[in-house]
Amino acid sequence: MSKGCFSWIHIVVVAFICILNGCAGTSSQEAAPSVNTPKSLEVTEPDTLTRFGFNQGLENDLNDKNLSRLQSKIDVLLIAQQLRTLQPQQFLNPLITAKTAADIKQQLVSGMLELSNTFTWHYLHSELIGSDKIAAYYRIDNDEGYSYITFWLSADSYKIYDFHPVSFHFSTLNFVGEFTQLFTKYSDRQAQLAELILASQKNEWDTVTALYQALDADIKAEPVLNDFLLRKYSQMKNDSPEFMAALIRSYEQQNLSSLLFESYYIQQDNFTQAIKMVEGLPEFARQDSKMLSEMAILYAYNQDFEPAVLHGRRAIFAAPNDNEAYFVLLQVSLLAKDYDLSIELIEVLISKFDFIMGQDVIAEFDDSANFMRSDQYQQWLKTRSLS
Amino acid sequence: MPSHRLYRCKSPLTVLLFIILCSSSVNSYATSRLNAHEPQVSIVAVPEWIEVQDFEVGDLVDLVSPSHYHLVDKQINGIQGKQVYSRFVYSLTDPSGIESNSNIRIRFNPAYETLQIHAIAVNRLGKLVNSLSPADVEVINVEDRQSSNIYSGEVEAVILLKDIRVGDVVDYSYTLVGNNPVFADKFSAGATIGWSIPVDKVNVSVLMPSERAIQYKIFKSNAQLNVETVGQISTYRLGLTNTTEVYEEDNLPAWYNPYPYIQFSEYRNWQDVAQWANDLFDVEHIPSADLAAYISQLKTKPIDQAINAAIDFSQNQIRYLGLELGENSHRPNSPSETFANRQGDCKDKSLLLSVLLNQLGITANPALVSTSSRAHVSDYLPTHAVFDHAIVEIQVDGVSYWIDPTMTHQGSQLDSKFQTDYGLALVVAPYTEGLTSARPTINFDSKIAVKEFIVAADYASPVEWTVTTTVTGREADSLRYRIKSEGQVKLAKAYLNFYAKRFAKIESLRPLQIIDERQQNIITVVEHYLVPEFWLLNAQKNAEFELHADYYSHYAQLPKSIKREQPLAMYPNLSINHKVTLQLPEHIDFSTDEGTELFEDNFVNFASSIIYDRRLLTFQNSYTTKGEYVDVAQVPEHLALLSEIANRMNYYNSITNVTDDPGNIALQKLLLNLNQRRIAQKEKAGE
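Residue numbers (the numbering used here), protein chains in the order written: chain A, 46 to 432; chain B, 30 to 716.
Fair warning: there could be bad hints in the mix.
[Claimed, not checked] Covered stretches of chain B (chain A as the covering partner; in silico rule of three or more C-beta atoms under 8 Å from a C-beta of chain A):
hint: 1; stretch: 206-218
hint: 2; stretch: 685-692
hint: 3; stretch: 695-703
Derived by calculation from the structure, the hints in this document are not laboratory data.
Heads up, the beta-carbon is just placed ideally off N, CA and C, and yes, glycines get one too.
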């Protein structure tokens, strides 16, 4: 590859780092990040820091939007090292690698803070991968839903070097590496690619849709291109149903999934496909109580009540002190007309979580009217009134 | 699975004498005889060439219990063919000795041996009270290894002594005449000269033509051999008196023989042995039409696929059957015959595989190995008798692969097949000058990773328990064989019963999930259980629990003999990682228990860790072996280390105030309902 060509790609890569952290699940806000004023610029970690201790701190920093502490947790040298490992040919030049790494670090911080403006971070757990990497798993949530993030850390220093919103196929660094490769791989069709990318930059989604549909099949099947377009699209304020449909078709053809498409399928009452989008998540996210509850309700809406109850059960096992798992299973039980189970769930919500499960509350649930007319409910009301 | 001890030939050092002295087992009677040779048993006088040994019988009160050996005599005549004379004289000093020493069994192979019994006498208070008559001798078939599909054609002459009493002196002698012609009259013999009981007098002698030089080597004894040449005959004599008892400790390495013995061999060097083997394996040059057709079919494949197909064919399409009768104890059948019959033993399969690969242009040769002596083969004088197995050395791209065609259910690719480390081999090839290192460069180790994930919804209800076991190497081969031979249902029951020893009310939630990545030779088994008795509520209302990361203990246990004078065997080339994670109902900070302890010596690495993550308490033990055995000098420190490791198999703790939550009862009722549904769903699905 010529030096000139590399420079051109580098510009493109840096230009698109800004979309690396596109948010899964909801449109991100464009408001400037709210940053807490650091109390001290020198941030040190205790010598005996554990994985849990580090992640507790990171969770706090993310929710507090503590810029300086977040910056101190990301290591630009590790980023550069990973870039060289992933794409040795692309990152031969130390200066360009360092600049790219610094840009990525900055974008990671911005991206985290941007997510912090909209979401609450929940550290789930972490695991040691091999001997030198830690994958730290987080859930982010707001009123509109949930999504999941993996941070990649160095096992010996607890420094972050990569970040992966799992609704996207690639982590940040993998995306950068793959994206640079894209132009090398399709060097004969760079213009075609550039036109598509520029149109997406300008948010001209009708043009994007037309260009995307006209792409050769091999380019269209490139995971990194689809990942790029999904990241870009997820940042849009306005919907482009045509583009969404085209992209989803492409994902379906490749048997790929993204949690971002779940709501699309739900709107179409295609719960089977919606379930597939959840099933496509990494294991840590699939095993989270929220996603188990999500599966429970999707199965229930799909009139498949046995797996719905089983997922609801697993959601309770996964987070027995989270009342949401019980509420979701209550909804499932009402849809399934499994009123004995409904009564037991109501009992737990009352005794364990102190909810007042009056008729007004129960009436908020779908299909609750039948339940309230049922013998089980009437008998339960009598028992309650006697006790 | 066929035994690895396939060759009929045993080490010359575990000789018949020892079997007779120590064996009290009852041999199974074969229902039919494969050997066409009629056993020849006669009662004849002691041959003239025997130097009859005298002995003394002391007072009964001074003799050892339950039997006292006065004389063990072995004299071998290699002047014309081979004759092996044996004589045993012993007093029975306790009823238990009568039980174990009143049946005389003499094993021989009628294909090339005849039995001459000279005397079987019982003396009581200096008087002969019982003597041998032909009617007392019964010959029975013995096929000890027929369960492993190995048939030797050997028989046993059995004499059941009658009216035996405490104080009787038994004196019997016999000669086995003849030698397996497959050894081309090459002299090789041995004799044990020390046992687990003391012996008053031991005599060993060998008569050979003086022009045929033999080497000898004495193991674990300071005894001196006397060589005397008179005329054309050399006599090698070794005499011992009052040999002490040898205590055989447990968990000995397979190569280690604690008993003193003497070995004789006419081979000058290993090259001579290789030449003998090469002549034996040179059985066919032109393949049959069917075999040629199969070779042509192999040649149509890309070379790597053809190699894998040839190995797979020899391992899985040729049934293991060892008809090791007469010369076939060591001489392989022709590849065409093995191919046509679809059956053979290690040497048959090795020769067939070598020929198949040679036809593909691959360098491959049978190689003789010892499954017990392994790298210690070179401790012995060069002899054919030390080898008991044949494998194949395959050379591809400069790498030697040591493939065992008797193994079934292995990984499907040459690069992923487990290779046993036999240490040394004698490659059967015209150019072989000595023993070759048979230590594989890849795939000689095995890994076991057990991940248990326990999910608790409260501190009283059953927990969900998922066990994911991933194995590689030999462990993958064994597990794959077990899955195929026992079936998934039986395996699932065995696993369930294993855990039921600890949790009697355990229930399976799903059928076993088995993922066999045969190309990489990795098998993963996933088990799902519901365990009611995980929590123990104590008098203080604390919920006690225990985590077990003890898979290691299947492979390394403290021996019975702790104060040792002999080396300690280890399970070689193994690493085990056992990780148990408990997902708690809530965050309880166990950080104060966090830490890793390391235990290491020259033989093992062991690390034990406690890690707390959000709601996840993980107890992990990892164990890696670094050797095959522990030297005597290092045994005490190693056993002390194993004791420390043994104390790290379990983690115990408790959680306080678990009954305070007012929602406990309602939650337990709900969980009971949900768990019953889960089990009912499994039963409904017929799982």
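Numbered hints the structure breaks, given as an ascending list
1
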